[in-house]
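K.L.:
Listed below are the residues making up each chain.
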Amino acid sequence: MLSGENNMYRKMISLIILSFKEGVRDRALIGAGLFSLMMMGSALVVVSMFMRDLDKVSVDINLSAIAFAGLLLTFFVSINLMAKDIDKHTIYCVLSKPFSRSQYIWGKYLGIMLLIFMAFCILTICSSITILFIKSQYEFYFKSFSWIEFYKAVYAQLLLLFLLNAVVVFFSTITTSSFITLLFSISTYLAGQTIEEVVVFLKSKNAMDMPLSESINAIIDIAQYILPNLSVFDLKVQSAHAITISYNYLFAITSYSLIYSVILLLSASLIFNRRELK
Amino acid sequence: MSKILIKKISKSYISDFKREKKIAVDNISLNIDTTEVFGIIGRNGAGKSTIIKMIMGFIKPDKGDITIDGKIPSDPDSRLKVGYLPENPYFYDNLSAEELLKFSSTASGLDKEKARKRIDKILQQVDLYSVRKQRLRTYSKGMTQRAGICFALVHDPDIIILDEPMSGLDPFGRKMVIDLIKDLQKRGKTVLFCSHILNDVERICNRVAIMDSGILKGIFTKQEIFESNGMEELFLNVVRGK
Chain A
35 MLSGENNMYR
45 KMISLIILSF
55 KEGVRDRALI
65 GAGLFSLMMM
75 GSALVVVSMF
85 MRDLDKVSVD
95 INLSAIAFAG
105 LLLTFFVSIN
115 LMAKDIDKHT
125 IYCVLSKPFS
135 RSQYIWGKYL
145 GIMLLIFMAF
155 CILTICSSIT
165 ILFIKSQYEF
175 YFKSFSWIEF
185 YKAVYAQLLL
195 LFLLNAVVVF
205 FSTITTSSFI
215 TLLFSISTYL
225 AGQTIEEVVV
235 FLKSKNAMDM
245 PLSESINAII
255 DIAQYILPNL
265 SVFDLKVQSA
275 HAITISYNYL
285 FAITSYSLIY
295 SVILLLSASL
305 IFNRRELK
Chain B
623 MSKILIKKIS
633 KSYISDFKRE
643 KKIAVDNISL
653 NIDTTEVFGI
663 IGRNGAGKST
673 IIKMIMGFIK
683 PDKGDITIDG
693 KIPSDPDSRL
703 KVGYLPENPY
713 FYDNLSAEEL
723 LKFSSTASGL
733 DKEKARKRID
743 KILQQVDLYS
753 VRKQRLRTYS
763 KGMTQRAGIC
773 FALVHDPDII
783 ILDEPMSGLD
793 PFGRKMVIDL
803 IKDLQKRGKT
813 VLFCSHILND
823 VERICNRVAI
833 MDSGILKGIF
843 TKQEIFESNG
853 MEELFLNVVR
863 GK
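Residue numbers (our numbering), protein chains in the order written: chain A, 35 to 312; chain B, 623 to 864.
Hints may contain errors.
As the list claims (entries may be wrong) - Cβ-Cβ distance ranges computed for the label pairs, FRET-style: (1) A:Leu300 to B:Lys685: 24 to 32 Å; (2) A:Asp121 to B:Ser762: 19 to 27 Å; (3) B:Ser637 to A:Leu300: 29 to 37 Å; (4) A:Ile159 to B:Asp742: 45 to 53 Å.
These aren't lab readings, by the way, just hints derived from the structure by calculation.
Glycine residues also receive a C-beta, built at the ideal position from the N, C-alpha and C atoms.
Chain A on its own, in the form it takes in the complex (with noise of 0.2 Å):
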């Protein structure tokens, strides 16, 4: 037998693997693999019919295609994974092993980052042979192309999915079904990557004829602090025009989806420790 914080460690990592492993081999993450090689694949044929910004359309799609992999990673199986514990029960088989609730929230949700910065590793590498080949062909058009915008923008999307996992896995612990988790996911995606353009539209004086209630402003700021604000994570834009992304902004948002992330967790832990496993 190990002792002490060893033990911990490596009984900490067999959980991570364990979720990995389990996640790795999903049909689901096949699926998604494909989907998104299939949109890398289109985006030469695409790029092919545009006569001009040939590089903002290349690099738009790229992302667009990484993005939406981790996007069906994690509605598809993150929720799967986090579901099926508690559907059936697998659950059992850590819980019956020495690891505490809080330990088998973070273990399952650091196993799935893995998945999921493994994915996006791999998306990343095929996406930039993909960016490559385009560039070989079309050279003029990429004049003012930067990989490192670009980069930085995959590692934007990336955070973006820490945290909404770390959503997945919030709902995951307060509610019985999968379909419930998806669906409260799903929304949070879509609160959070509009939330900013709505309080900017709803608060802005021409919105609309008359002035918002009191009540309705303190419901809208209640919203704001509470809903993640998923459209700081979103830099195609500036990468598609190799606009500078400063290291700073990187930094606020690695925070913020690192502080959001941790929350998240925390409430899941304290949540699930009062849940029944019947």
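Using the hints, position chain B against chain A.
P.N.:
Just chain B now, with coordinates in the frame of chain A:
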């Protein structure tokens, strides 16, 4: 010395639709000693699995206390030396039996070399060694049950909790599980299990608790079972209140 101590536990559920309160376990106390094989028997819905789930910390009793080797179930360390087989086990079906057992042994603190030896040995014992690299989703119900038994025993726990261990097993499988439990008994382990199969319970238990509708009807020793013309007769008499 008690390995598992249950003091006056009660548990009730609220049904989802009618919002009615259903008592699953009512004021039960049990005391399971070291080196004892203790069986819990009862009809469906008697509360057997609920007791086991409370011992494992999956659900919390409304009232009463449980300790496993002196530790409360919400303490993860209480499960360090516990092996558990759930009823109708369902494991991560994209993993192989070998991968599942590696997880079980690492999570229970076994070092790599010791774990490898234990995994090979136990897979051979339950006749799954040749299919150890196959994914669990390709296993039959009996094979999954045997993989579950390996999962519970691979780290050589001191306390073994088995929920319907004979479920889905053919006569050969049942004999194998009985032999395994007898071997555990010889090695001084504490075994708690619940089952519907009265003959098996009679053959391997030192003491048996009979439950009905969440109530503990009585605890009987091997001698008492023998004197009552066997387990079946005793069970029917106790449940019918004779």
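K.L.:
All the hints need checking, so say for each whether the structure fits it.
P.N.:
Okay, the hints, checked on the actual structure:
Taking the beta carbon of each, A:Leu300 and B:Lys685 are about 30 Å apart, inside 24 to 32 Å as hinted. Between A:Asp121 and B:Ser762 the C-beta distance comes to about 22 Å, which sits within the given range of 19 to 27 Å. As the Cβ distance of B:Ser637 to A:Leu300 is approximately 32 Å, the hint placing it in 29 to 37 Å holds. For A:Ile159 and B:Asp742, the Cβ-Cβ distance of about 38 Å falls outside the hinted range of 45 to 53 Å, so the restraint is violated.
In summary, the structure is inconsistent with hint 4 from the numbered list given earlier, while agreeing with all the others.
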